[in-house]
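Engineer: Residue 361 in the numbering used here sits at position 361 of the sequence shown; the count goes up by one each step and never skips.
Heads up, a few of these hints could be off.
Heads up, simulated BS3-like pairs for lysine-lysine below, C-alpha to C-alpha not over 27 Å straight-line [what the hints assert, rightly or not]: (1) K465 to K520; (2) K579 to K589; (3) K119 to K140.
Quick caveat, the hints were computed from the structure, so don't treat them as lab data.
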Amino acid sequence: MEAPSQPQLQLEAVIGFNGHVTSGLRVHPDSEHLVYPLGCRIVLKRIKDGKQEFLCGHTNNVSCVSVSKSGAYIASGQVNFMGFQALVIIWDYAQRTIYAQLELHKAKVEALAFSPNDKYLVSLGGQDDGSIVVWNIETKQAICGSPASAHSAGHCLTVQYSNKSDNIFVSAGTGTLRVWELDLLNRKIRHTECQTGKLKRVVKCIEISEDDQFIFCGTTSGDIMKINLRTGLLSDCGPAKKKYSLGVSVLRILKSGDLLVGSGSGTFTLCSRTNFKTLKEVQLEKGVTSIAIRGQGQQVFVGTEAAEMYRFSYDDFKPELISTSHSSAVKDVAICSGSSELFATCSEEDIRLWHIDKPKELLRITVPNMTCNSLEVMADGHSIISAWNDGNIRIFAPESGRLMLMIHDAHRMGVTAIAGTRSCKRIVSGGGEGQVRVWMLHSRGHQLLETMKEHKATVSCIKIKSDDKECVTASSDGACIIWDIVRFMSLQMVIGNTMFRTVCYHPEDYQIITSGTDRKVSYWEVYDGTVIREVEGSKSGAINGMHVTQDGKYFVTGGDDKLVKVWDYAEGVVTHIGKGHGGSITSIKVCSNNSTLISTSADGAILRWRFPHPPPSS
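Put together the whole structure using the sequences plus the hints.
Structural biologist: Here it is, written out as structure tokens:
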């Protein structure tokens, strides 16, 4: 199936940024590009026009990013499963290729730092590894390693190289702060413990002043320690009164010597280098995780846990929101049926409406502490129906985001699937307990028409036939049932040795196609429930999303193998493959005029592809 001769899908745009990686957002020294992680990839985004390039090579989520002082190299580390090696990749920036792959750490790479003259890279393993390794970039070999902290101290969390010497770097973490010196002749690194006196702190981030005199350490207690690098003694600690709420998560030193501070509560502050007094302060949404300075500090880019990026100019210190994205897995995507301009996505806590051409967020509907499992835009475009894990169905207005109607306790174990009829009068919903319910909408509210119980497990997908008289539901109990939603009875049941994840009607309604955890795409006859054909949909991992084009000639699939596939419906063969997702694909849709394909994944990314089979121009 996966012959390399298959043509690639053309990726047009990516919405996404992993805001949970500490200092993941960087400005490349050429001042032209932003560098940031998304799932298993590193994105290089040109600042002036937003053009994106991708560095692919990691097998799991990227956990740290570093850019060398000259800009020739980018280094990134990843997480991995327990007992497996976590990879560090050094990328050649000019060629956009892998320069070296370094494997020594177990389970996670916590932090990376380049030496000032691009000679060495120091890497720090996560808490299951706990070692520091110094690598020679030229020979691509490890020079030496050492446990990062004493047994009596806690885990080490961050490393930073000095600005002048290739032989001195600093590591810090829970109750540990060390200055290391590299002895190249004997291939050893020797540490000096810094003395902080009575202060017991957990250090989250380190910055070293340009002249290598002082180390500034941001702590989880919300203060900043200033330590003399040569003597290792504490010289100052502040601010004395108003500490930073939820800790200092990231620090940067400006050319003037003043500090930019990002806190866990979302405050972004410019503070004085002498007494840590706040000079300017701005409140952002959720905790600040990255601060990147462009050029000499004329512009500053800030990344937050809410997966948002802000741009500040140094003079007025006003935040300008330049990009937003989902900070957790995207559960579902829906495209407005009449137009091909808008689409909606849902994830934990929110539903977002986007513009297709310039992927830009138009509207955000937030329901705190709830997860939206599935959504659909009604055929008339006047409402968005959504299924939530608290067992309620919520209907919103797409222009304002106003809650128009809420059906309380629609299902006992959360609403897991939802669909609306073309007449926009009825909704069919499925729940975690396996019930399928049909609801009537009218001007005064809603009415439950019928509850249909046949499924034994979660209903994962519902599709309604074009005449609004029948619907098909797929469930993880291994059955797909075709229901009559006028007389409320089951007409046909197809059973597969799989947990069904997705089902689609062919536009002419005489066949359905299903897929799920057995990785097969099955075609079934609606009339008598017989299987017509089975094709292997994926080499590895379940198929989670599927959609048939309006003309019925093609369908698209996506799943845990992270590949978007376009299929010829009649032939049952793959015509195009799209590589671009860094996480499992959760849902996939083709817009009604066959020009665009939208896919979403578990790393919070939304990808827009050009659909390879445009409709014949009439």
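Engineer: Evaluate each hint against the coordinates.
Structural biologist: Hint check results:
1. For the given pair, K465 sits about 23 Å from K520 by alpha-carbon distance, which is consistent with the 27 Å threshold.
2. Pair hint K579 plus K589 holds up; C-alpha atoms about 16 Å apart against a cutoff of 27 Å.
3. Between K119 and K140 the alpha-carbon distance is near 10 Å, which keeps this suggested pair within the 27 Å criterion.
The earlier numbered hints are all upheld by this structure, with none contradicted.
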